[in-house]
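**Q** Listed here are the chains, written in short residue letters.
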Amino acid sequence: MPQPGSNYAQPSSDGHFGQHGGRFVAETLIHALDELEALYEQAKADPEFQAEFAEDLARFVGRPSPLYFARRLTDRLGGPQIYLKREDLNHTGAHKINNCIGQALLARRMGKPRVIAETGAGQHGVATATVAARFGLECQVYMGSVDIARQALNVYRMKLLGASVVPVNSGSKTLKDALNEALRDWVTHVDDTHYIIGTVAGPHPFPMLVRDFQSVIGQEARSQCLQQMGRLPDTLVACVGGGSNALGLFHPFIDDEAVRLVGVEAAGLGLETGRHAAPLNDGQVGVLHGNKTYLMQDADGQISETHSISAGLDYPGVGPEHSHLKDIGRAEYDAVTDEEALAAFRLLNETEGIMPALESSHAVAWVVREAPRLGAGQIVVINLSGRGDKDIETVAKLDGTTL
Amino acid sequence: MSRIGQTLEALRSQQRTALVPFITAGDPHLDATVPALNALVQGGADLLELGVPFSDPEADGPAIQASSERALANGTGLRDVLDCVAEFRAGNDQTPVILMGYLNSVLAMGEGAFATAAAEAGVDGMIIVNLPPEESDSLRGALAKQGIDLILLAAPTTSDERLSAIDRAATGFVYLVSLKGTTGADHISIGEVKQHLARLRARTRLPILVGFGIKDGPTARALGKQADGVVVGAAIVSRMAALSADTDAIPETLRQFAHDLRQALDA
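Each protein sequence line maps, in turn, to chains W and G.
Okay, so the first sequence: first residue is 32 according to the numbering used here, each after it adds one.
Okay, so the second sequence: first residue is 862 according to the numbering used here, each after it adds one.
Source of the hints: derived by calculation from the structure; they are not laboratory data.
Even for Gly, the Cβ is constructed at its ideal location relative to N, Cα and C.
Watch out, some of these pointers could steer you wrong.
Unchecked claim - To be clear about the criterion: a stretch of chain G counts as covered by chain W if any three or more of its residues have a C-beta under 8 Å from a C-beta of chain W, and this derived list gives those stretches:
(1) 885-899
(2) 903-917
(3) 987-995
Unchecked claim - Simulated restraints, written as ranges between beta carbons of each label pair:
(4) W:R400 to G:D1109: 38 to 48 Å
(5) W:R102 to G:N935: 50 to 60 Å
(6) W:M260 to G:N935: 55 to 65 Å
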């Protein structure tokens, strides 16, 4: 949370972050959103809920995640002191599980026996299937058929966890279409089902509650910086698809105005090619999936197909709070290409013995590129949001190797 | 009073139920849209709903999703949809036309520019499925300036208190979504819809039209006894899709289907 007395109080009571956010959904879902919002406000103030959440983060997820000084990477780049927030070490291998634990606890409180989720790369699907098994909930995961073909490992993993994975064949058959289908399921089964949205997007209160559950990342990082270095960092860097790992890191630092916040989008084949997934760098404000935010769209308001080497960043929208932070200038948003991300993926393997997810590799790549412009005394914290095991096949294929 | 209000009032005084068919503009191609609308009117349609195709129709079931994809594949844009309305209006200044779609299409054109263009084309009302009343003030204002009704939706999950708020904000009529689900769903329960109709009727003096999942004459008739009108969409769009190899046959098929529905309602 921002510090007490903060001027930054977002969202507004009706779920807006400046001009963004809100609740743009079918009337049928409004009741469920009202119910979720009321229950969440109650849970947030309930010490018992907070204790349950903290307990599961500690014993099931394995928190706190370390803040690790990347000495050899620092030496190699010859610029700032680089620290990695090791969300890759969480159970299931990414930050996604933090939010899933929180929302599963909410589903249980609402007495909803069934959860659904959308997934792109499969990381959020795996995290949802995991908490569903952990809490004894029925679980159905929607996944574009294109993504199912390129993420076979995670698909099978979800099945082993007892979830059913439903292929989505509409539209571009990727993450955005999986979200559409999850919304259709929710509107049909709203009485007994909770929709665990995987990122800081969707209708209010989702962007707020996912942010709050992910803020554990920034809370830990802030106190770890104070403990380990005796001061706050100069720059925080995180990749942005929907933007949940970035907001989780940024949010507790919002009032620390000297701390620079940098979100890194997927420039894909290059921003100038149009084949990317960088709505904050090259998009317009619109409404999709329940919220107003920057989107990749054509002149007629049709949502564009996106491209990124990283399935988790391959999404045409972005969480509305990021759009607001861009508008007010509190955070800045840059982008790196597939090629830069791949080079960073290899560099971190070789210098630190850490295999980052291709998503997180975008944040690393930004630091590699910008290191010469960041002073030697600076402290930079990169959110290493997930591990890269799931991407080995993708990288091997690029290397011309069949596994 | 708007064309929608006049039409529904006239039907009410004749104790007839409004038949409101839906098709997606540009499906299967743009040249087919105006003949299809005319055929529906000949068959007995009282108002027309014309879908604006959108890339991410999250409230629609498979039939209307597919029709939206077909329309987009042949390049149908919002301007084309308005051109269809203008062409239809040139030959028919009686039957109200309501556009149905998603908010982003309107935002991309700009609310004010859209309202002006829609009024020029002869549009009478708008249904935006992902625009609840809380978020609708600015669009409602822009449309009202041009005399276009923003139709609000009520759902089975809408609380009594909220139904009253919807009534206060609504113009034209209230669209009651018949079921928890997407368009074309196959689990409509006449008994449940009647309960929600009664709940809504107690809270609004506006006409109530019911839609989602109404696929045949008997269902339309059962609901038509209590509703002021019924919307039939997926069942029509599916009949059009089945004629993909023989699109010339679409107008006559639609005329006949509308005629059958009309007879069921009037029986």
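**Q** All the hints need checking, so say for each whether the structure fits it.
**A** Outcome of the hint check:
Beta-carbon proximity to chain W at under 8 Å applies to 0 residues in the segment 885-899 of chain G; the threshold of 3 is not reached and the given coverage is violated. Under a criterion of three residues with beta carbons nearer than 8 Å to beta carbons of chain W, the stated coverage of the segment 903-917 of chain G is upheld, 3 such residues being counted. Given a C-beta distance limit of less than 8 Å, the hint that chain W covers the segment 987-995 of chain G holds, as 5 residues qualify and 3 suffice. Checked against the given bound of 38 to 48 Å, the beta carbons of W:R400 and G:D1109, roughly 59 Å apart, lie outside it.
In this structure, W:R102 and G:N935 meet the distance hint of 50 to 60 Å, their C-beta atoms being roughly 59 Å apart. In this structure, W:M260 and G:N935 meet the distance hint of 55 to 65 Å, their C-beta atoms being roughly 60 Å apart.
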